[in-house]
Structure formats: C-alpha cells, structure tokens
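Starting from the structure of chain A, add chain B where the hints point.
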Amino acid sequence: SQKIEQNSEALNIQEGKTATLTCNYTNYSPAYLQWYRQDPGRGPVFLLLIRENEKEKRKERLKVTFDTTLKQSLFHITASQPADSATYLCALGPNDMRFGAGTRLTVKP
Amino acid sequence: DTAVSQTPKYLVTQMGNDKSIKCEQNLGHDTMYWYKQDSKKFLKIMFSYNNKELIINETVPNRFSPKSPDKAHLNLHINSLELGDSAVYFCASSQDYRGGGEQYFGPGTRLTVT
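Line by line, the protein sequences are chains A and B.
With the first letter of the first sequence counted as 1, position 32 gets the number 32 in our numbering; the numbers rise by one all the way through.
With the first letter of the second sequence counted as 1, position 110 gets the number 110 in our numbering; the numbers rise by one all the way through.
Errors might be hidden in some of the hints.
Taking lysine to any residue and the SDA-like style, the derived pairs with C-alpha atoms no more than 25 Å apart in a straight line are [as the list claims (entries may be wrong)]:
hint, chain 1, residue 1, chain 2, residue 2
1, A, K3, B, Q37
2, A, K57, B, E102
3, B, K41, A, T69
4, B, K67, A, K57
5, B, K41, A, R98
6, B, K40, A, K57
7, B, K41, B, T114
8, A, K63, B, K67
In case anyone wonders, no lab produced these hints; they're calculated from the structure.
Next up, chain A with everything else stripped away, as it sits in the complex:
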C-alpha cells in the first residue's frame, strides 16, 4: 500500500542553524510533491511545489529537493528563526493528494 513517512515527529534546533526535514514514500509515483506549514489551530499553508522532473527548488530561505530514485524529498530551512516553529507536512499528488503525518519543528532562541 502507499505510504508516506516524515523522518521524525519532532525536530528541535537552535536559531540560526539549518533545519532539514525528510519525506519518504513507497508504492507511489508522484508527479509532484508539495510542502505545507501548519500552525496550531490553523489550516495548512502552501510553501513549495516540486515536480518529478525537477531536482531542486528554492524560495527565500527554503529549499526542497526531490529524488525519485530514492523516493525522497528533503526540505531545508536555512538561518532558522523561532518564527519558523510549526508543523511541516509533505504531500504527494496528483489526483488523490496524500499527506505525511508531519514533523513538528521547534527553533529555540
């Protein structure tokens, strides 16, 4: 069956460091992969999309990589700030969008 796993339930890092979150999937051939941010009590907010023929995408301090051979995406936040603390979800599509369980990132000052 299709499975999406995000590396850890929680990740704690120090302000200024780079946070790296992992999304692995099995039994799936996604055409694209998306990353979302979710704050407590709110709906997810879209951050980045990367397609199967793209290796890397950047947006400001965010970087996403997509390795269809390894079936893995890495999500990096450079120069992390306490305001980056949130849960980050990866999602695979198209058609039936499937979300990972999320990684709760805490950036400590």
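Below, chain B alone, put in the same frame as chain A:
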C-alpha cells in the same frame, strides 16, 4: 477577504445526531476538497469535487455525504454521528486537481461528538 471559509468553527454534538459543515471559496477555483485531521494530526483526504463533480471518494463511511451546489461551495453532511468522527475537518480548494496547484485550506471545523 477570507479565501476559504468554513462554518461553524466549533461543533459539539451528541452521538446519533446529524450535522452539516459548510465551506465556501472566493478564489474562483475549480476543485474543492474535504480532509479529516485526527488527534494524531494525520491529514487524510475524504472527498474531492471538480466543477461540482465528485472525483475522489476515499473509503469514507456513507454516513458522510458531500454536496456541491456550485463550484464555490462544498458542504459536508454527516448522519448518525459516532464518537470516532471527532476530529478537525478542513475544506480546501485548488485551481484544478491535475496540475499540482497549491491548495488553500480553510481554518478548520473542530467536531466533538459526545
């Protein structure tokens, strides 16, 4: 202006009751979704409509019935509520469901069944 709105934000009801959650988007999108997020924060798709037509219907009990009167609205009606239905329900929309467009989520409806 709120892009995707849901009402109510909180819903507390007893087992066996029937309830509805409403969703509206003002983004002009063609596709709308309903997701359920359980206590473990796992977000699972339930239904998807494209231009009022059902395109995704995951394994959801038939007590759940979506209704799309027009492409800007997707309501969720739940019959005979059960304790296990307690969760946060999110509505979302996207330009279309094939192109990989970002999804815009509503604020969620926290349903508590007692």
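Hint check results:
no. : hint             : verdict
1   : A:K3 <-> B:Q37   : holds (17 Å)
2   : A:K57 <-> B:E102 : holds (15 Å)
3   : B:K41 <-> A:T69  : violated (28 Å)
4   : B:K67 <-> A:K57  : violated (37 Å)
5   : B:K41 <-> A:R98  : holds (13 Å)
6   : B:K40 <-> A:K57  : violated (30 Å)
7   : B:K41 <-> B:T114 : holds (20 Å)
8   : A:K63 <-> B:K67  : violated (38 Å)
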